[in-house]
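Protein sequences, first through last, are from chains E and D. Residues 1 to 336, numbered by full-length UniProt numbering, are exactly what the first sequence covers, in order. Residues 1 to 429, numbered by full-length UniProt numbering, are exactly what the second sequence covers, in order.
Please note: incorrect hints may appear among the correct ones.
[Unchecked claim] Keeping only pairs whose Cα atoms sit at most 27 Å apart, straight-line, the calculated DSS-like set for lysine-lysine is:
hint, chain 1, residue 1, chain 2, residue 2
1, D, K288, E, K63
2, D, K169, E, K54
3, D, K389, E, K59
4, D, K169, D, K331
5, D, K163, D, K288
6, D, K163, D, K62
7, D, K331, D, K130
8, E, K54, D, K288
9, D, K389, D, K331
10, E, K85, D, K288
11, E, K66, D, K331
12, D, K331, D, K357
13, E, K54, E, K85
Hints are computed from structural coordinates only; laboratory data are not their basis.
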Amino acid sequence: MPRLRPSLFWTARRDISPFAALLLRVCRDVPSAANELRWIREHIALTSSPAPPKFRLWKLCEKRAKGTPLQYVLGTQPFGGLEIKCRPGVLIPRHETEAYTTELAQILVRHQPSSSTPLSILDLCTGTGCIALGLLSLLPSPVHIHGIDISPTAISLANTNLHHNTRLGLLPPQPSSIHFTPADIFSPFLLPFLTQPTWDLLISNPPYISRGAFARETARAVRNYEPRLALVPDRDGETAVLGCASEDVFYARLLQLAGILAPRRVFFEVAGIEQAARVVDMVRGDARLSGFYPQVEIWRDSPHEEYEMQRVRNYEVPFRGSGGARGVYLCRHDQR
Amino acid sequence: MLAAPWICRSCARSLRSAGVPRLLRRASTIATLPPALVERARKIAAEHDKLTTALETDFDQKTAVRVGETSRVATALREFEKANASLAELGSLLESNDAELRELAQDDLESTQAQLADLGRKLSVALTPKHPFADMPCLLEIRPGPGGTEGRFFADSLFRMYKSYCDNKGYPTRIVKYDVSESDGQKGSEGEVALQEAILEVQQTGAYGEFRGESGMHRVQRVPATEKSGRTHTSAVAVWVLPSFPETPSTDAESEWDNPESDFYIDVTEVRVETMRARGAGGQHVNKTESAIRLTHMPTGTMVSMQDSRSQHTNRREAWRLLRSRMAQQKREAREELAQNLKSSVLASSQITRGDKIRTYNYQQDRCTEHRSGLDVHNLPNVLEGGEKLGEIFESVQGWLTERDIQTILAEEQAEAAPKGKKGKGALP
Ligand SMILES: C[S@@+](CC[C@H](N)C(=O)[O-])C[C@H]1O[C@@H](n2cnc3c(N)ncnc32)[C@H](O)[C@@H]1O
Numbered sequence: 001m002p003r004l005r006p007s008l009f010w011t012a013r014r015d016i017s018p019f020a021a022l023l024l025r026v027c028r029d030v031p032s033a034a035n036e037l038r039w040i041r042e043h044i045a046l047t048s049s050p051a052p053p054k055f056r057l058w059k060l061c062e063k064r065a066k067g068t069p070l071q072y073v074l075g076t077q078p079f080g081g082l083e084i085k086c087r088p089g090v091l092i093p094r095h096e097t098e099a100y101t102t103e104l105a106q107i108l109v110r111h112q113p114s115s116s117t118p119l120s121i122l123d124l125c126t127g128t129g130c131i132a133l134g135l136l137s138l139l140p141s142p143v144h145i146h147g148i149d150i151s152p153t154a155i156s157l158a159n160t161n162l163h164h165n166t167r168l169g170l171l172p173p174q175p176s177s178i179h180f181t182p183a184d185i186f187s188p189f190l191l192p193f194l195t196q197p198t199w200d201l202l203i204s205n206p207p208y209i210s211r212g213a214f215a216r217e218t219a220r221a222v223r224n225y226e227p228r229l230a231l232v233p234d235r236d237g238e239t240a241v242l243g244c245a246s247e248d249v250f251y252a253r254l255l256q257l258a259g260i261l262a263p264r265r266v267f268f269e270v271a272g273i274e275q276a277a278r279v280v281d282m283v284r285g286d287a288r289l290s291g292f293y294p295q296v297e298i299w300r301d302s303p304h305e306e307y308e309m310q311r312v313r314n315y316e317v318p319f320r321g322s323g324g325a326r327g328v329y330l331c332r333h334d335q336r
Numbered sequence: 001m002l003a004a005p006w007i008c009r010s011c012a013r014s015l016r017s018a019g020v021p022r023l024l025r026r027a028s029t030i031a032t033l034p035p036a037l038v039e040r041a042r043k044i045a046a047e048h049d050k051l052t053t054a055l056e057t058d059f060d061q062k063t064a065v066r067v068g069e070t071s072r073v074a075t076a077l078r079e080f081e082k083a084n085a086s087l088a089e090l091g092s093l094l095e096s097n098d099a100e101l102r103e104l105a106q107d108d109l110e111s112t113q114a115q116l117a118d119l120g121r122k123l124s125v126a127l128t129p130k131h132p133f134a135d136m137p138c139l140l141e142i143r144p145g146p147g148g149t150e151g152r153f154f155a156d157s158l159f160r161m162y163k164s165y166c167d168n169k170g171y172p173t174r175i176v177k178y179d180v181s182e183s184d185g186q187k188g189s190e191g192e193v194a195l196q197e198a199i200l201e202v203q204q205t206g207a208y209g210e211f212r213g214e215s216g217m218h219r220v221q222r223v224p225a226t227e228k229s230g231r232t233h234t235s236a237v238a239v240w241v242l243p244s245f246p247e248t249p250s251t252d253a254e255s256e257w258d259n260p261e262s263d264f265y266i267d268v269t270e271v272r273v274e275t276m277r278a279r280g281a282g283g284q285h286v287n288k289t290e291s292a293i294r295l296t297h298m299p300t301g302t303m304v305s306m307q308d309s310r311s312q313h314t315n316r317r318e319a320w321r322l323l324r325s326r327m328a329q330q331k332r333e334a335r336e337e338l339a340q341n342l343k344s345s346v347l348a349s350s351q352i353t354r355g356d357k358i359r360t361y362n363y364q365q366d367r368c369t370e371h372r373s374g375l376d377v378h379n380l381p382n383v384l385e386g387g388e389k390l391g392e393i394f395e396s397v398q399g400w401l402t403e404r405d406i407q408t409i410l411a412e413e414q415a416e417a418a419p420k421g422k423k424g425k426g427a428l429p
C-alpha cells in the first residue's frame with residue numbers, strides 16, 4: 001500500500017480530530033475517516049457501557065486503527081433494512097451481496113405463482129444469515145427458508161440475527177418458517193434434509209477466492225481478520241473428484257445439488273468475470289442442467305432490470321447492471 | 001402607488017424600524033390598503049354573494065366549490081370594511097365639540113386601528129394564493145460559496161443557527177447530511193467546523209411556508225480568527241429551502257411519487273444510480289465501509305449524493321427523497337418564472353435571483369441586515385442562536401413575501417384592466 005502524505009494526517013487532525021488522524025491509517029482518505037469516526041461516536045451514544053465514553057472512543061478507534069474491520073469493532077453491519085450482527089469467525093456481509101439480494105427479492109415477488117403457496121428458499125453457506133434474513137424481510141410472508149453453514153459459530157450467529165432483528169421489529173413476527181442448520185454441503189447425507197417439493201430459489205455465496213488471490217488480492221483487513229474458511233475453498237479431495245479448479249469446487253458441488261433439486265431459480269456469487277465464465281461453462285456443458293436452465297445470466301455489482309448481450313467464451317450471455325461481474329443467475333424455462 | 005402604507009403588521013414594523021413615520025397612526029380611511037387590492041376583494045366578494053344566492057335556488061357542484069374558495073375573501077372583506085367604517089366614525093367623533101365624546105373616541109382609536117391593521121393583513125393573506133408547498137415540512141440545504149475557509153465556517157454557523165431556532169421553537173429536526181470539508185485549516189472562532197454541505201430536515205408541518213424566505217445568498221462580514229491584520233473578510237453561503245415529504249411516507253405521498261402530474265414525480269429510468277466502487281476486486285476480497293450513493297437525473301443534470309449512513313439502503317432512500325425534493329422545487333421555480341414573465345415589469349424590482357444576497361451578518365457592527373424587507377437587527381449573537389431576533393427577521397421576510405405576492409396580484413389586476421387584454425390571466429405563483 002502506498003504511504004500516505006503526512007499532510008493528510010495533519011489535515012485530519014486539525015479539521016476533524018486526532019481520532020480521525022488515527023483512523024486515517026486504515027481509512028486512507030479524510031472523508032472516510034470522518035465518516036467512520038462519526039459512526040463510532042454514534043455507536044457509543046446508542047449503546048450503554050460502564051466505561052466512560054471518552055475511554056470507549058479511544059479504545060474503539062485504536063482497535064480500528066490497528067486494522068480490525070469496522071464491522072467487528074462496532075459489532076454490526078447494515079444489510080438492506082436489517083442490522084446484522086458481526087463477530088470474528090464469521091464473514092462480514094458485503095454491499096454487493098445486499099444489492100443482488102434486493103434485486104432477487106423483486107424478481108421473486110414479481111413472479112410469485114400465487115400468494116397462497118409460500119415461497120421457499122435454500123441458502124447454502126449462509127454465514128451471518130444476511131441473505132436469508134434479507135429475503136425474509138423483503139418477501140411477503142409466509143416464506144419458507146432454510147440456511148445451512150458448516151460453521152457452528154455462523155449458525156449460532158444467524159439465529160442470533162433472526163431474533164435480534166425480530167426484536168427490533170425489522171422482521172415480521174414469525175408466521176414464516178426459517179431454520180439454520182449446521183452441515184457440510186459436500187456431505188452425502190445432506191440431500192435427505194433438503195426435502196421440499198420445489199425450491200423457488202437456491203442461493204449461495206460460497207468461499208470462492210483462490211489461494212493465490214487470497215495472498216495477493218485480498219485487503220489486509222480481510223486476510224488478517226476474516227475467517228479463511230469463509231473465503232478460500234480448501235477441498236482438495238473433492239476438487240480431484242469433481243475435476244475443476246480448486247477455487248470453483250463449491251460451484252461444482254452446488255450445481256450437482258441444483259441438478260438433483262431442480263430449484264426454479266439459482267444464484268451464486270462469484271469473484272469476477274473469469275469465474276463467472278467458468279460457472280457458465282459448467283452449466284452449459286452439462287446436458288441436464290442446460291435442459292433445466294435455458295436462461296443463464298451474469299449479474300454485475302449493481303444489478304438492475306436491463307441487460308445487454310455479451311460474448312463469454314462460446315456463449316452469448318445476458319449481463320445485467322453495472323460494475324464488475326458478481327454473480328451467475330439461472331432460471332428455469334417455465335419461470336420466465 | 002406601491003409606497004402606500006401597508007396594513008400588514010410585520011411590514012409596519014419594518015417600516016417603523018427603517019425610520020418611516022407611523023402612517024397607520026393617522027385616523028385614515030380605506031386608503032390603508034391599495035385601492036386595487038380592495039377592488040379585487042370586492043369583485044370576489046360580489047361573485048361570492050351572487051353564487052351563494054344562485055346556490056339557494058339550485059345546487060351545482062362547481063358553484064359550491066367556487067363559493068367555498070371565495071368565502072375566505074368575502075368574510076375578510078366584510079370584517080375589514082366594518083372596522084374601517086367604525087374608524088371613520090371615530091374620526092368624525094374626534095372632530096366633535098363634545099369633549100367627553102372626543103375623549104371616548106380617543107380611547108377607542110388605538111384598539112380600532114390595531115384591529116384594522118390586523119384585518120387588513122388577514123384580507124391581504126386571503127387574497128394571496130397559498131404556496132402549494134406551504135404546509136409541507138422542509139429541507140434546508142446549506143452550502144458555502146466558492147472561496148476560503150471563512151465561508152465554510154460560516155456555513156456551519158448558519159447550520160447551528162437554524163438548528164437552534166428549531167430547537168427553541170420545539171420543531172423536530174433531523175440531520176440528513178453533514179459533510180465536513182477535507183482541506184484547509186483549524187476551527188472557527190466559535191468552534192465551527194469547515195462545512196462542505198449540510199442538510200437539515202425540519203419535520204414540522206408548515207415548515208416550508210415558514211422557511212421558504214431563507215432561500216438565497218447569506219453574506220458574512222467579519223475578521224477571521226486567522227487574520228492577523230484585522231482585515232474584514234466577506235464571504236457567502238447559499239441556503240436552499242426544499243419541500244420534503246414526511247419521513248414515513250403516507251400512502252398519499254407514495255401515490256404522489258407515482259403520479260406523473262405531481263411535482264415529486266421522477267421517471268426512474270432517467271436516473272443514474274452509482275455506488276462507490278470498491279478498490280480492487282470487490283466482493284469477498286474487501287470489506288469496505290463506504291456506502292455512498294450518487295443519483296444523477298440525466299435530463300437536467302441534477303445530482304445528489306449521500307454518504308452519511310453506514311447503511312447503503314438508508315443512503316439510497318435519503319438520496320431519492322432529496323432528489324425528489326430538488327426536482328419538485330425546480331419544476332415549481334420554472335413555472336413561477338414562466339408566470340412572472342407573463343406579467344408586467346412592475347415586478348422586476350422585487351424579484352430576487354439566485355445570485356442576489358438576501359441578508360448580511362456583520363460581526364464588527366453586531367448587526368444583521370435583511371436586504372429585502374430592509375430590516376436591521378442588532379444583537380447578532382441572538383440571531384445566530386436562533387433567538388427571538390431571528391424570529392423578527394423571519395417575520396419581516398414573511399411580510400415581504402406577502403407584499404410581493406400582493407404586487408403580483410396588483411400587476412395582474414392592471415394587466416387585466418388594460419384594454420388590449422393579452423391572454424387569459426396568467427397562473428398565480
Ligand atoms: C463467503 S461466506 C458467505 C456468508 C454469507 N452468506 C454472506 O453472504 O455474507 C461463506 C460461508 O460458507 C461457509 N462454508 C464453508 N465451507 C462450507 C461447507 N463445506 N459447507 C457449508 N458451509 C460452508 C463458511 O462458514 C462461510 O460462512
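Q. Of the numbered hints stated previously, which ones are contradicted by the structure, given in increasing order?
A. 2, 3, 4, 5, 6, 9 and 11
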